[in-house]
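> On the provided structure of chain A, position chain B with the ligands as indicated by the hints.
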Amino acid sequence: MMMFDIQFYSIFLQIFFMASYQLNINNQQYKAEAEPDTPLLWILREWLDLTGTKFGCGVNTCGACNVLMNGRTVRSCQVQVRSCTGINITTIEGLSADGSHPVQRAWEEMSVPQCGYCQPGQMLALTGLLNQNKQPTDEQIDAVMSQQLCRCGTYHRIEKAVKRAIELSNQ
Amino acid sequence: MQKIKISRKEFITSTSFAGSGLMLGFLLPGIKAFAQTTNEPCEFFKPNAFLKIDTKGSITIYVARQEMGQGVNTSLPMIVADEMDADWRKVKTEIAPFGSLPEGSHDTGGSQSVLTDFTSLRKAGAVAKTMLIAAAAKLWNTTPDKCAADAGEVVNTVNMQRIAYGDLVCEAAKLEVPKEVTLKSPKDFKLIGKEQRKNNLKDILTGKTKYGIDLKIPGMLYASVERCLVPGGTLVSVDDSEAMKLPGVVKVVTYKGTGAPMHVRDGVAVVAKNIWTAMKARKLLKIKWDEGTKNKQNTTALFQQMVARSQQKPTIEKFKKGDISKFATTPSNSIAAVYKAPFLAHATMEPINFIASVKDGVCEVWGGLQLPDWTVNELVKQCGLKKENIKVNLALMGGGFGRRLHFEFAIEAVKISQLVNAPVKLINNRTDDIRFDNFRPANVHRLQASWDAKGTLQTWYHHVLSTSIAVMTDGPDTKNMAENLGGADSDFYYDVPNVTTGYSHVDFNINRGWLRSVEICMNSFPIECFIDEVARKLKKDPLAYRLSLLDGRPMFMTDEGPGAMKQYPQRIANVLKLAAEKIGYSKPRKKNHFIGVATHSFIFAKSYAAHAIEIEMLGPKKFRIVKVVGAIDCGIVVNPDGLRNQMEGGIAFALQQALKGEITVVNSRVVQDGFNGFELLRYSEMPPVEIYTIESEEEPGGVGEVGLPTVAPALCNALAAAGARSRTLPIRNEGFEWV
Ligand code: FES
Ligand code: FES
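Top line first, the protein sequences correspond to chains A and B.
149 is the number that our numbering gives to position 131 of the first sequence; each next residue is one higher, with no gaps.
2108 is the number that our numbering gives to position 697 of the second sequence; each next residue is one higher, with no gaps.
Okay, chain A solo, but in the shape it has when bound:
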């Protein structure tokens, strides 16, 4: 396994070089100089200081890193920066800066967060779902929201907020 990794990376290095990427995030243009394989997660957090997108696992198991790409929920730890150009990226900072998006309003009304660390990911998971389907069934909600971890255990309130967000989105 180790041998494979080493070979993989040395080949990798020969093919890819540091490059400059133009990114459209929250309707603003950003530039990032980075290795092509750098996950969008780290570009957002460490290059661009958009720290609302959270690192929870880096391996597609928690959803803390969710962003929207052309309106769909994507785990930013799983996409490399080189495949992010020409796409509209929305992070929690861009969902609405004042918290007026229906999903944020629902989360506020239901007073969901404890530590809050998972909540940007939770809200963007739901937003991505609602962007595709304004009246999701309980099964569809379960399928999406059950991929989002919250260690503080705010699921009871998330459930209430999901219902409320659907109401608000359809008003």
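In case anyone wonders, no lab produced these hints; they're calculated from the structure.
Each residue gets a CB set at the ideal place from its N, CA and C atoms; glycine is no exception.
You may find that some hints are simply not true.
[As the list claims (entries may be wrong)] In silico EDC-like pairs for lysine to aspartate or glutamate, Cα to Cα no more than 20 Å straight-line:
| # | chain 1 | residue 1 | chain 2 | residue 2 |
| --- | --- | --- | --- | --- |
| 1 | B | 1993 | B | 2110 |
| 2 | B | 1656 | A | 55 |
| 3 | B | 1621 | A | 126 |
| 4 | B | 1503 | A | 126 |
| 5 | B | 2038 | A | 156 |
| 6 | A | 178 | B | 2101 |
| 7 | B | 1619 | A | 67 |
| 8 | B | 1619 | A | 126 |
| 9 | B | 1802 | B | 2101 |
| 10 | B | 1627 | A | 111 |
| 11 | B | 1613 | A | 156 |
[Claimed, not checked] Derived list of chain B stretches under chain A, where covered just means 3 residues or more per stretch with a C-beta under 8 Å from a C-beta of chain A:
| # | stretch |
| --- | --- |
| 12 | 1755-1762 |
| 13 | 1820-1834 |
| 14 | 2083-2094 |
[What the hints assert, rightly or not] Label pairs and their computed distance ranges (CB to CB):
| # | chain 1 | residue 1 | chain 2 | residue 2 | range |
| --- | --- | --- | --- | --- | --- |
| 15 | A | 150 | B | 2134 | 40 to 48 Å |
| 16 | A | 36 | B | 2087 | 31 to 39 Å |
| 17 | B | 1604 | A | 116 | 52 to 60 Å |
| 18 | A | 77 | B | 2001 | 41 to 49 Å |
Okay, now just chain B with the ligands, sitting in the frame of chain A:
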């Protein structure tokens, strides 16, 4: 004051001590240094270290206890603001700078914050109010008794003239801080007891909140650390040639591990210009470890050893009442049972991370620390620093649960920064975060009980066995190894004439630590299951049986002397009754529906909680949780919304432990390496929950941990009602399935 936290009890005592120091402190002259130092130009009024009012009337409240999701940055300011009759909309909070308050003021753990600080925070608010009233009285040429405070203004009660706090700032700042103040009567509380949403809610929802992991320091590098998988393993050699080839890698450094209290492991740190490069380069390291001789341990054998050991006499006798040996025990008038629960991880959503910057012996650190004073003392010892040269910047935590009572990561970050002579942010990936956690101890319990011909309980025996935390933090000679609080000590709450409890430590080479509710969770599970077993064996209703041993029993002291705590069996009974009533315990049940209950006292947090859980059996070992009802008595409730959030989240946290959470070890290596192995509860698994509160004017208790201990036993008692008792957690290991 050097703090070596050993047992929970000790920890609480020292925390409370610090708290009372703080209470006196703000009225003492020495503390003035932290209060207002200048009036010129007049911009604000800062009567003490807890609050500041500016000329616009906006109030900043400095919170010393640290926010990690438990809500202290809302509940603690509410206490101050209520007493000063502030307009809550004008209140904002900031983390009280480390060093601005007496040692221990920032310690955050044991559900102690509200409990410890309630009076001192009220006094801080009352001081401000008294001074603002005095300033208004002076301005109006009247006396303070003709003035009153109301929602951020002072009112002249004779002519009803009003003036805003902001307009009194300059005048108030000139006044002497009063030595004594009168506190409100609880019936006059305006904020305390009223729902308040989290202070920083909007920031959380818009992604503005900065947690420790979000902070950046100029010139900061990033570190990813490779550690030996076997605790105590030592570094033999490292070949970093491939890692160094990656552009952006600055240096690969190594350092030696340390012993007690935090057991830092030998480390190889890749330091790079960005975290991604550091993480990638780390995979290219070729390291040889010497695993030592303790590299063959596994948890299966540990449990076998603990069960075998449980049959012998406990190493330490913890509590003795009457004499259990005087009563003749036969198979027909007694039962015995063994319960087991595993090591558990904290798995905070924010993976462990820490920033340190050391230059020329001057050290500054940034991050979440639940015990910052202890951390500083250890940094002095372990990193060759001078105490006065260490500056701590506390940060918001994305979950705590006791994880950051430990601080091995702070020592690591400082060592790495020293080696590269630059600011460094250490970030553990999720695998590191799980593998190198300080785990809630594995534990085994043997209980025995016997009764007389009338079925009256005569003896109760409880032998607690665990891998003691204190043995790890303090060494094998610790006097505080026993982990018996929560009913396996002198706090045992059921009325039984002859009781013996004891403790045995069984050694295992792994880092152990305090995890939310720690030993109270460990001990409530067997006690609340076993009392149920006794009732069932005696063919009595488990709820009525418990109440027969609690109801009407007067308060008793756990000990004599300063460490003694009050135990209230009646309050334990009351929460149980409330939970049972709200779930409809006495109502007819649907087919295949079963209810289990459990109750307890979280004694050092002065709070009491019970749970009732209804399940529907779908197969011999397959079930669905229909509903969980929680009932709590925590005295005066500061923020009902925060309380409910803690109780609801506590159910999720405890259900994870009951159903599936466990850390196992094979060949001295932690098996679980992320959320796939250490699975958290998921959205679809969260049952409907209801939380009820006993109205009370008793002093406020803590709530952060109180919602956990009775969840697992209530669930297992419901399963037992259906004929499927599990004495082992998590129940998944016993073949249970849930939908
Ligand atoms: S950080 Fe991307 S899924 Fe966990
Ligand atoms: S609110 Fe803390 S992890 Fe979800």
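> Could you run down the list of hints and mark each one as holding or not?
Hints, verified against the model:
The straight-line distance between the Cα atoms of residue 1993(B) and residue 2110(B) is roughly 25 Å, outside the 20 Å bound, and the hint therefore fails. Between the alpha carbons of residue 1656(B) and residue 55(A) the distance comes to roughly 16 Å, so the proposed pair stays at or under 20 Å and holds. For the suggested pair residue 1621(B) and residue 126(A), the alpha carbons sit about 18 Å apart, so the restraint of at most 20 Å is met. Restraint check for residue 1503(B) and residue 126(A): satisfied, since their Cα atoms lie roughly 18 Å apart, inside the 20 Å limit.
For the given pair, residue 2038(B) sits about 18 Å from residue 156(A) by alpha-carbon distance, which is consistent with the 20 Å threshold. The suggested pairing of residue 178(A) with residue 2101(B) holds, with an alpha-carbon distance near 13 Å, which does not exceed 20 Å. At most 20 Å may separate the alpha-carbon atoms for a hinted pair to count; residue 1619(B) and residue 67(A) meet this at roughly 11 Å. Of the supplied pair hints, the one linking residue 1619(B) and residue 126(A) holds, its CA atoms being roughly 15 Å apart against a limit of 20 Å.
For the hint linking residue 1802(B) to residue 2101(B), the alpha-carbon distance of about 44 Å lies beyond 20 Å, and the restraint is violated. Of the supplied pair hints, the one linking residue 1627(B) and residue 111(A) holds, its CA atoms being roughly 18 Å apart against a limit of 20 Å. For the hint pairing residue 1613(B) with residue 156(A), the CA-to-CA distance comes to about 27 Å; that exceeds 20 Å, so the pair is violated. Check result for the stretch 1755-1762 of chain B against chain A: holds, 5 residues qualifying (beta carbon to beta carbon below 8 Å, three or more required).
Counting residues of the stretch 1820-1834 of chain B whose CB falls under 8 Å from any CB of chain A gives 0; the rule of at least 3 is not met. Taking a C-beta to C-beta cut-off of 8 Å, the stretch 2083-2094 of chain B contributes 7 residues in contact with chain A, enough for the three needed, and the coverage statement holds. For the pair residue 150(A) and residue 2134(B), the beta carbons lie near 46 Å from each other, so the given range of 40 to 48 Å is met. Checked against the given bound of 31 to 39 Å, the beta carbons of residue 36(A) and residue 2087(B), roughly 33 Å apart, stay inside it.
A hinted range of 52 to 60 Å is violated for the C-beta pair residue 1604(B) and residue 116(A), which are about 30 Å apart. Distance hint check: the CB atoms of residue 77(A) and residue 2001(B) are about 42 Å apart, consistent with the given range 41 to 49 Å.
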